[in-house]
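A.B. asks: With the hints as a guide, bring the two chains together.
Okay, here's what each chain looks like letter by letter:
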Amino acid sequence: MSAVTAEHEHDDHHDDHAHGPEKGWLRWIVTTNHKDIGTLYLLFALAMFFVGGTMAMIIRAELFEPGMQFVDPKFFNSMTTMHALVMVFGAVMPAFVGLANWMIPMMIGAPDMALPRMNNMSFWLLVSGVLLLASTLFMEGGAPAGGWTLYPPLVLQTGKALPFAIFSVHLLGISSILGAINIVATILNMRAPAMPLMKMPMFVWTWLITGFLLIAIMPVFAGAVTMLLTDKFFHTSFFDAAGGGDPVLYQHIFWFFGHPEVYVMILPTFGVASTIIPVFARKPLFGYSSMVYATASIAFLSFIVWAHHMFTVGMPISGELYFMYATMLIAIPTGVKVFNWTATMWKGAMTFETPMLFSIAFVVLFTLGGFTGLMMSIAPVDFQYHDTYFIVAHFHYTLVPASVFILMAAGYFWLPKWTGHMYNEKIGQLHFWLSTISVNILFFPQHFLGLAGMPRRIPDYAIQFADWNMISSIGGFIFGASQLLFLWIVIDTIKGGTGEKVTDEVWEDAHKHGLEWTLPSPVPYHTFSTPPTVIPCDHN
Amino acid sequence: MKKTKQLFAGATLATFGLQSAYADYALNLMQGVTKVSNDIYDLHMLILWVCVFIGIAVFGTMFYSMYHHRKSRGHQAANFHENTTVEIIWTIIPTIILVAMAIPATKTMIELDNVQNSDMSIKVTGKQWYWDYEYLGTGVHFESHLDAASEKAHRDGSDPHSVPHYLLSVDRPLVVPVGKKIRFVFTSADVIHSWWVPDLGWKKDANPGFINEAWTSVDKPGTYRGQCTELCGRDHGFMPIVVIAMEQGDYDNWVKTTLAKQEEKPDLSDLSREQLMANGAAVYLKNCVSCHQIDGAGAPGDYPALRGSAKVNAGVDPLIGFLQAGTSKMPSFAKLKDNELAAVITYIRNAPELGNKVGDEIQPKAITPVYDDE
Chain D
1 MSAVTAEHEH DDHHDDHAHG PEKGWLRWIV TTNHKDIGTL YLLFALAMFF VGGTMAMIIR
61 AELFEPGMQF VDPKFFNSMT TMHALVMVFG AVMPAFVGLA NWMIPMMIGA PDMALPRMNN
121 MSFWLLVSGV LLLASTLFME GGAPAGGWTL YPPLVLQTGK ALPFAIFSVH LLGISSILGA
181 INIVATILNM RAPAMPLMKM PMFVWTWLIT GFLLIAIMPV FAGAVTMLLT DKFFHTSFFD
241 AAGGGDPVLY QHIFWFFGHP EVYVMILPTF GVASTIIPVF ARKPLFGYSS MVYATASIAF
301 LSFIVWAHHM FTVGMPISGE LYFMYATMLI AIPTGVKVFN WTATMWKGAM TFETPMLFSI
361 AFVVLFTLGG FTGLMMSIAP VDFQYHDTYF IVAHFHYTLV PASVFILMAA GYFWLPKWTG
421 HMYNEKIGQL HFWLSTISVN ILFFPQHFLG LAGMPRRIPD YAIQFADWNM ISSIGGFIFG
481 ASQLLFLWIV IDTIKGGTGE KVTDEVWEDA HKHGLEWTLP SPVPYHTFST PPTVIPCDHN
Chain G
1 MKKTKQLFAG ATLATFGLQS AYADYALNLM QGVTKVSNDI YDLHMLILWV CVFIGIAVFG
61 TMFYSMYHHR KSRGHQAANF HENTTVEIIW TIIPTIILVA MAIPATKTMI ELDNVQNSDM
121 SIKVTGKQWY WDYEYLGTGV HFESHLDAAS EKAHRDGSDP HSVPHYLLSV DRPLVVPVGK
181 KIRFVFTSAD VIHSWWVPDL GWKKDANPGF INEAWTSVDK PGTYRGQCTE LCGRDHGFMP
241 IVVIAMEQGD YDNWVKTTLA KQEEKPDLSD LSREQLMANG AAVYLKNCVS CHQIDGAGAP
301 GDYPALRGSA KVNAGVDPLI GFLQAGTSKM PSFAKLKDNE LAAVITYIRN APELGNKVGD
361 EIQPKAITPV YDDE
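So the sequence lines, in the order shown, correspond to chains D and G.
If you use this note's numbering, the first sequence corresponds to residues 1 to 540, in order.
If you use this note's numbering, the second sequence corresponds to residues 1 to 374, in order.
Hints should not be assumed to be uniformly reliable.
[Said to hold, decoys possible] Calculated pairs, EDC-like style, for lysine to aspartate or glutamate (alpha carbon to alpha carbon, straight line, at most 20 Å): (1) G:Lys337 with G:Asp219; (2) D:Lys199 with G:Glu82; (3) G:Lys286 with D:Asp72.
[Claimed, not checked] A few chain G residues that face chain D, going by a derived Cβ cut-off under 10 Å, partial list only: (4) Cys51; (5) Gly226; (6) Gly233; (7) Trp254.
For the record, the hints were derived by calculation from the structure and aren't laboratory data.
All C-beta atoms in this analysis are idealised placements derived from N, C-alpha and C, irrespective of residue type, glycine included.
Same shape as in the complex, but just chain G (with noise of 0.2 Å):
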């Protein structure tokens, strides 16, 4: 039946023209690469089988009498219009048909549900617009951000094709190992988002101060791309997920790697004047881009320009303060370690392309804390 099934499908694409090796072209949902994702795509094949075979039947009857039974055709009006035993019919077969549909949806559903077991927890935290991810209880926690190529393309109007995966590429992916049955908890910092990767079957939607959960176990190594799939503001359409199942060893060297990493101390020694630029426009980038945009222009309304802005142009240490502190409005960036503040001020003062020129450079040395993050 599956065979026949297949066949059908490959027939009636090859009649279109459309079975081609292109993605571009692609027509139907992703088996993915988890037990689920498959359950979820064998469900989904079957009610579209279903829907294909009742609309068969259904325009067949249409169109058969839309061609017999017309008044050009000299056909006369019968005058029927009432059949008990026909409306019980066609309640009775949808009816059973449904049924047949609800008992293994019915048992996908408690699959998918069942975050119990699991080998390890990754808590993912929306932020707009970014992921946090952390693995809970061995230390390795970092931001996924939209990678900086995609980020330049959008906002300077270059040409999207030339960027690998374009909107779909981010600085630091999820690492996870294959065979493990993972445990998400998710939960968000500000607004609803919805994380998915497709190959994994599901989404989940990351709701500010609760917390959700969702499981998977990927069978085969590869990289997985997805994206936030719940209207989070400006930003929505640029944080994407990118997901990297390897092997139990792959993943135990990337963990050690990525805490040592972490531990790793800043180098605060002086930098020139073109490095802290260049360092100072990426953290730009990855951070400040959203609002006050890539001509510093801000968005009316919604986010002060830095563009001749008398906070961003006066003293530095005011500056250093407020971003270390925050507002309501604006998070704190105590995040940033010294030298990525450092840059970033001194880039914001002098961008040509944000128009402000004060002249000067700040170093790491120069950012003393206000809230120490540690």
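Chain D on its own, in the form it takes in the complex (with noise of 0.2 Å):
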């Protein structure tokens, strides 16, 4: 093993001199380098972050009391949608796209991405999609203020900004699908030699399926946007009753590219946990192929599940009742993989770094996550949890501790194979228990809240949903404040951190989990020019 990893040291010292990065700032806009693109998504994601962090602090600090305080109800609508459009479009998902550049090369033996220009225009469509919906914030009439989920007639009431929205949306698409098509391309085509699709590392594999995800239902969003725009502009009645439309197409449409949508955001999630928790359990991710097997299980299953958002949209009972079916099924893939974590941690020799702190959060605050999903697949009881804050606790339980947790553990857990420096563990740990308990007290009360009867997406309540909502409000603050430490920890790590030198292998016995822990520490420009013969392969 250490010969190999020698060689290619030697091998990548030659590439540097033949092809180093462009000099000055032209090498960020013109890179095709996947660690260039990776770090440019990453950045980018992390800047979203925070755009969309104070969208939800201006929410927030709305809902600090009862009555109106700080913005006009149609504002705090646009900052709902908006807030929901920028994490989820400009945030989460570059942000796996840049985890997913930057690792899959390494992890599979790869020298790049199978398809570098069209890796970088992917990533400066994103930029441009999420600017032109950004702008719309500045326009006649303000941004879309109908949710994120764009639901006609009402997303139709939108003034100037509709178009640049529907727009954005498509360059968003765009720039997914292009994206995905490069990661399936890489994985499926540019493994090294030595590695079957049963030996690869299990974020590769969520991000394999993510990426068919991703091709299957980004074209079928455009398409529902596109029809907006028709009915709005050229006279079509796809989604209006009075020209033989029916707005609840638009649902059901919409739903077929939504359900999956939170899958792409979460089956990398669950990649990334498989990655990090056996490092730190010192011990062989327990049931890697039955992993693999409940990935494709979950996605498959989240095609034939979309009306689950709807069951109060006066669906058949036959609707309601295999809805209801087909949802609950989901929880047995789900479940497979919460046992399978803590088999992994089972007997194991566990350490607690930030990066295993956070996945130890993400497997216990996803689980609340799923076990109020669990609850709202049951129809009848959906209709007193539907369009409340119930849902939006769980939700946010699945995306905020879970997907952003596990950002957070990725950042801790490879920035210092990025970039050579050890990050201020000290610092992590406080923005670990910070993150922890505040998002908590952010969340949590709004299981409370939405049982009560408080629905969501309204800009003031009824004097008995106070005291939750201030609660709430203030675990926010405290939330939203913590990022500022990460933020803080990624630049002094990038500056040169705590100035420890970091081995290859940067964990213990990391090299035994994953190519990516044999090549030096900071990674070379180029890596694996030629493959590598032997694989770390801790399963079978």
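C.D. replies: This is the structure we're talking about:
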């Protein structure tokens, strides 16, 4: 193993001379290097995390007390809409694409992504799409305010912003599809010859499946919003009963995209968790093949459960029952994943560095979000839960202390590999504890609010909801402020961190768990110009 | 078993010091006042306890492992990574639990769906931003808006705590008899709304151009409050629902007086300027304020300002015609009675808070119909 590594160090040194990065700022515009593009994606996602987070702070400030204090109800609706769109399409998805760019070639022993120029293009399309979306904030009539689901007829009441929002969805869709094609092509074509599919790291597996999800769903979303566009400007009536259409049709199309879309954000999350937990448990991932099958099952199920977002829309009883049963099934493969992570930790020799802490918090808090998801799958009970803060609590548990926490974990886990510097463990753990405590103060009371009868997407509320809302807002402010620590840590680590010299494997015995740890730290600009012959694989 | 669960729940809550009489710290779903809402509550508690027990098992194992299997305690890592038997076990057990859950859930779902054999029907139409109730076959038909006190408080920044049932109170509640199976039909005049009273156990979307059905049968008299639960635009948070359930006799009386009031011809005699302005302000607060705002400034890009508007400040007759006919953007207000129209026109032309000062007063008799709503 060490011989292989040394040989590569030599190769990389040689490559560095041949094709180093472009000099100056132009490097970041024209780069086709998977590591540069990964960095761009991650930094962009981090910036959007703070933009979307600022919107969340505005929402929580308005909801701090009953009564209207800071914003107009319409602007409040714009904030909930834009917060969701920015976080989903600007922060979480790009962050996982960034991780895919950085890690997949290094994990499968490939020199770069399969389609490097397209890679550059999908990043800049993403930036254009998000900027176009953000520009709607300054347009006459304000940004879209009909919720991120863009339901007609309400969304058709949007002012000048509507076509811009729709075109930005098109751009984001094209960007995602190109990114997904690139990832799938890379995984299927560029693996080191010694790596069969069933020896791929879990992160690569989850992204392979996510890639197919994206290719399948983004055109559906693009189609739905295009129908909105023609309904508004070209006199079609897809969603207008007066012309023979049906507004509920939009919801079916949207959620056929929307449900797999939420799994686009959670499957790579699973992949990173399955990568980190074994390293700190010092034990192989338990049930590798069942993890692969569970991921594939979840992805398949995601296509046949969409109308559970629409239990109260007025479906025939057969539809209600079918979507209830199908949705309940998701609990089975998801349960398998949680049990497998637990079994991976069982009888390990665990240490609790920041990435592990975030990963454990992910398993626990994601499971909480999964439990409320199971509760909501029971259709008659969802007639109470639907469109309340109970739902808000549910999906934030599956997104914030799940996807976002795992993105933080990934940052702490791989930053030393990327930069060659160690982050400040004390500050990292402080960030972890502040985030974990405040995220629960923020979202746990929202379960109570929803059950007590508070609808979602309202800028003002009845007095009996005042106390939990104030507690939730306080949690939100602490959570928001705590993320500045993460920003500081990222900058500090890039600049040199603790000054401690990190080894190639960074974490004890990490080289047993993945190819990326056999490379030098920091990782050279070009890696695996020749494919590795020995694949560290601890599960079979 | 049920007792044990309740005891356990009580003990848990008491531990956290949260078991108080305050509704402010409500933690759980309300049981509601119908059989279906109680069935739904039981299902909710059942699935909640299933989750709690699975959670205790999984998290218990995980935390046991985190405490005992740590490197700092000198634990040596094992190297197992596969066991088909346990994989099969933890696939089969959840499947059995789910099937067991699906059976009562299916029963309740079928019950919830059965709108047959109802005693009466009420048509509910969602509108931006109020509800319209029509008691089919009786002639009772009225609008239900957010009450004036809440409407004013959320707009002028006064203390919401001083308003009784802030944002959960309406000018005209829906009145229903207890013990009768009431069928609701839902539709909408504009965007999608959703009608939810938690105590009845369900919500149902009101879709424009389509009809949805649901039913309820309220067990005990009382006042039950709810809200619109589908984002429907600017004032989505300000279109509550109040249902008053009363004994059949009281309900019959209510129908009688309501019908009598509906028949009453409006009083078209001349009013003093103060009365016109006061009545106009009330009509404005109910019908106009959502779009044109409390200061008449409108919403740039969405709704025009009345403040300094040429249309408002010019001749009265075109203004009357405009209000009665409506436009593609503004609904017709032919539904307003002549005395209401006269008052609100006087108000918008002269209210200092709207910044207009034409200096005239329009009397009810001055209103000539463009469209008659009869």
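A.B. asks: Work down the list of hints and note, for each, if the structure agrees.
C.D. replies: Evaluation of the provided hints:
{"no.": "1", "hint": "G:Lys337 with G:Asp219", "verdict": "violated (38 Å)"}
{"no.": "2", "hint": "D:Lys199 with G:Glu82", "verdict": "holds (15 Å)"}
{"no.": "3", "hint": "G:Lys286 with D:Asp72", "verdict": "holds (19 Å)"}
{"no.": "4", "hint": "Cys51", "verdict": "holds (4 Å)"}
{"no.": "5", "hint": "Gly226", "verdict": "holds (7 Å)"}
{"no.": "6", "hint": "Gly233", "verdict": "holds (6 Å)"}
{"no.": "7", "hint": "Trp254", "verdict": "violated (25 Å)"}
Of the numbered hints given earlier, the model fails hints 1 and 7; all others are met.
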